[in-house]
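Student: The lines below spell out each chain.
There are 2 protein chains.
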Amino acid sequence: MRAPASNLSVNADRLWDTIFETARFGGTPRGGVRRLALSEEDRQVRDWFRAACEQAGLTVTVDTLGNMFAVRPGKDMSRLPFGIGSHLDTQPTGGKFDGVLGTLAALEVVRTLNDAGIETEAPLCIVNWTNEEGSRFAPAMMGSAGYVADLPVADILARTDAEGVSVGAALDAIGYRGPAEVGAQKLAGFLELHIEQGPILEAEGRPIGVVEHGQGIIWYDGRITGFESHAGSTPMRLRKDALAALSEIVLAIEALALAHAPNAVGTVGEAVIARPSRNVIPGEIAFSAEFRTPDAGILDALDAGLQAKVQEIAARRPVEIRLDTIWRKAPTHFDPAVAGAVAQAADKLGLKHRPMVSGAGHDSFHMATVMPAAMIFVPCKDGVSHNELEDATKADCAAGANVLLHAVLALAGDGGNGFGQ
Amino acid sequence: MRAPASNLSVNADRLWDTIFETARFGGTPRGGVRRLALSEEDRQVRDWFRAACEQAGLTVTVDTLGNMFAVRPGKDMSRLPFGIGSHLDTQPTGGKFDGVLGTLAALEVVRTLNDAGIETEAPLCIVNWTNEEGSRFAPAMMGSAGYVADLPVADILARTDAEGVSVGAALDAIGYRGPAEVGAQKLAGFLELHIEQGPILEAEGRPIGVVEHGQGIIWYDGRITGFESHAGSTPMRLRKDALAALSEIVLAIEALALAHAPNAVGTVGEAVIARPSRNVIPGEIAFSAEFRTPDAGILDALDAGLQAKVQEIAARRPVEIRLDTIWRKAPTHFDPAVAGAVAQAADKLGLKHRPMVSGAGHDSFHMATVMPAAMIFVPCKDGVSHNELEDATKADCAAGANVLLHAVLALAGDGGNGFGQ
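Residue numbers (my numbering), protein chains in the order written: chain A, 218 to 638; chain Z, 218 to 638.
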């Protein structure tokens, strides 16, 4: 017995239950999850995930970086598996959905196919990437970076956490330094479901975002050096006020991003006055700043605009401003065919959708550098993520999983059942 | 033998030596002084000071708050003593001159009068005020506040430091809870020599500032509440950026003060982002702000201007801004006769001077509320104070002490020697 095309749908309750079942591993009193990469809690959820995959008939392999690949055979085993998944690690005070939804929705897709007795043309491969969050070990998206050879495996294994424990030692400690060579599990493409981690879909009442681009990013570290002096006895004209200079930079970054809205954002996230005191003019401030945009030309323009503004401020105010570019990442352009399959699946299911740009980084950014890839976003409450209050509705999670299901059927071939048309 | 009027001058080397001699008590490796009020180091300098005063023939009494009064008899003991002095406590990483110069210059004035055999008409009284700095026990200018009954003595004695030690217990611990009633030592007036703690005199090449006014002050505590969200995935138009709002406030305070320059200053000294992160839009910031001006009308205008600007920002940006006025102090107007004696003394000595406004608070602010008072400023290097690098020249210190000497002769009566004309 096979479910008719119009009815093929994931089990929303089952998906929801697995999200809450895994949220026990590292669950916090406030309803969040603390499941740092390669921690004991990570081991627990990995063991659970491996058992669930094997129970669903998948063959699980683990590579040297702990990336987990669970393969479901297809009719045509000469084809590469199509990859779906995300990550199961969390921020230190993270939520239940970031990463988890994409990984467990992939499992739910397989379970649904199993229930419906559907065999895809190409195999499928559920992936759980190691250390997407980057909270315990830097950088973020570590497992997928190794997979696409953006970083050497030996380099990654040698990275250490705040206690000096290396990635390699942490993998050994939880038994997840696998035998498979990193990158050996080839994939035909990759599709990742994720909560938006932003407010747009919720604000517009659309359950599905078709992620077509990933923002390019520039990260800056800045330092403004003026001179600390007494707030009461230093006339305005003799001041070297680092905070006033920073204030101009903050507003300049905001104005530059607004000038390119909606295709750019700019933020000063950190600003620390050295030796702050109520009656002392701030003499030194360290700050971080960033721009993000999906357009490489705009990224250049934002950078040039900020550099010019900083020079102008430093020429006008008696302070030194140092601005170092510490990271620059070109925009990601996802595969039109994979993104198109997502949009078509949403259309078929009658789910309102819109094209989107991913502001946050994801493992799929790495995938997109070596294979056709895209992402599906679903709304999260108030746009909140990386927070114990992170939340999403059961209906939206199911909608995302159904779009994943039908896009995968189209991309991997539905085995002649007509679901993928 | 008496020195002729034109030659009467302090011993610059002796004054300088006493400054360095007392800098041993709490001296730091970097050349500064850490001598918190009522600490063991404070006891050491007090013992030294008492001994030096007694050796100079003065009668030392200590009141309940540890304020020290060293009286030198005058010809007319029916007149109240004229007060000169300052304080001997320092900031945690303070310098050798703040407070110390005024106290030891007063001692040097007495020593000079002794050497010259001059007896003033009115008695003189050197004062060492307890806890001017306010670093260990709040508030600052504590001893003089008690003296003028700005705060009840019992209230002051009950104030505690960070370790829970009360002022009363600390006074007992170093043996400086004296028998004299606070305020019992009446004074005819008060004159305090102090380093400027600002850059004006040095910039203008003038050794003497005649302090005619003390700035009125408003202190604010502020809190801006926006919403933390992901710097990459939150569009500009949906942001609730607390730092951008603060930046507007910082620049508004600067602009308001500049609009009333040179008679006003405005500063944001502290700004702390809650939970700062490079890729999170700042959702909450606590900050402090202040205005100072010698003009009560300008103080009102600055306050009204800021309140209006804050309302305008909060109406335009999706953030809440709370601004609490935590302290408001009216401007101090020093006594024209005392300040005039300072200017005349500088003229007589051929020292360039200018009228000044004290931006920092001093014990003399309290004195001015109950008696004729004024202050003398001398330059300090780069305007730096409350810092181990605090510095002043021997020549400027001597110039200030000489002006103090000749102003005191005029104010207390030189006993017919013609010095005070």
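Treat the hints with care, since some could be wrong.
Note that the list lumps identical chains together, so a pair holds whenever it fits in one copy or between two copies.
Unchecked claim - The calculated BS3-like cross-link candidates involving lysine-lysine, where the alpha carbons are at most 25 Å apart (straight line), are:
| # | residue 1 | residue 2 |
| --- | --- | --- |
| 1 | Lys-546 | Lys-569 |
| 2 | Lys-526 | Lys-457 |
| 3 | Lys-598 | Lys-569 |
| 4 | Lys-526 | Lys-546 |
| 5 | Lys-526 | Lys-565 |
| 6 | Lys-292 | Lys-569 |
Keep in mind that the hints were calculated from the coordinates and are not lab data.
Only a predicted model underlies this, so the values are computations on that prediction, with no experimental measurement involved.
Student: Run every hint past the structure and note whether it holds.
Tutor: Status of each hint after checking the structure:
Neither within a single protomer nor between protomers do Lys-546 and Lys-569 lie at most 25 Å apart by alpha-carbon distance, with minima of 31 Å and 61 Å respectively. Within a single copy, Lys-526 and Lys-457 get their C-alpha atoms as close as 18 Å, and across copies as close as 24 Å, so both meet the 25 Å cut-off. Taking the shortest alpha-carbon separations for Lys-598 and Lys-569, only the intra-copy value of 17 Å comes in at or below 25 Å, while the best inter-copy value is 69 Å. In this assembly of identical chains, Lys-526 and Lys-546 lie within 25 Å of each other by CA distance solely inside one copy; the values are 22 Å within and 39 Å between copies.
Taking identical chains as interchangeable, the C-alpha atoms of Lys-526 and Lys-565 are never at most 25 Å apart, the minima being 49 Å within one chain and 52 Å between chains. Neither within a single protomer nor between protomers do Lys-292 and Lys-569 lie at most 25 Å apart by alpha-carbon distance, with minima of 32 Å and 99 Å respectively.
Checked against the numbered hints above, the structure violates hints 1, 5 and 6; every other hint is satisfied.
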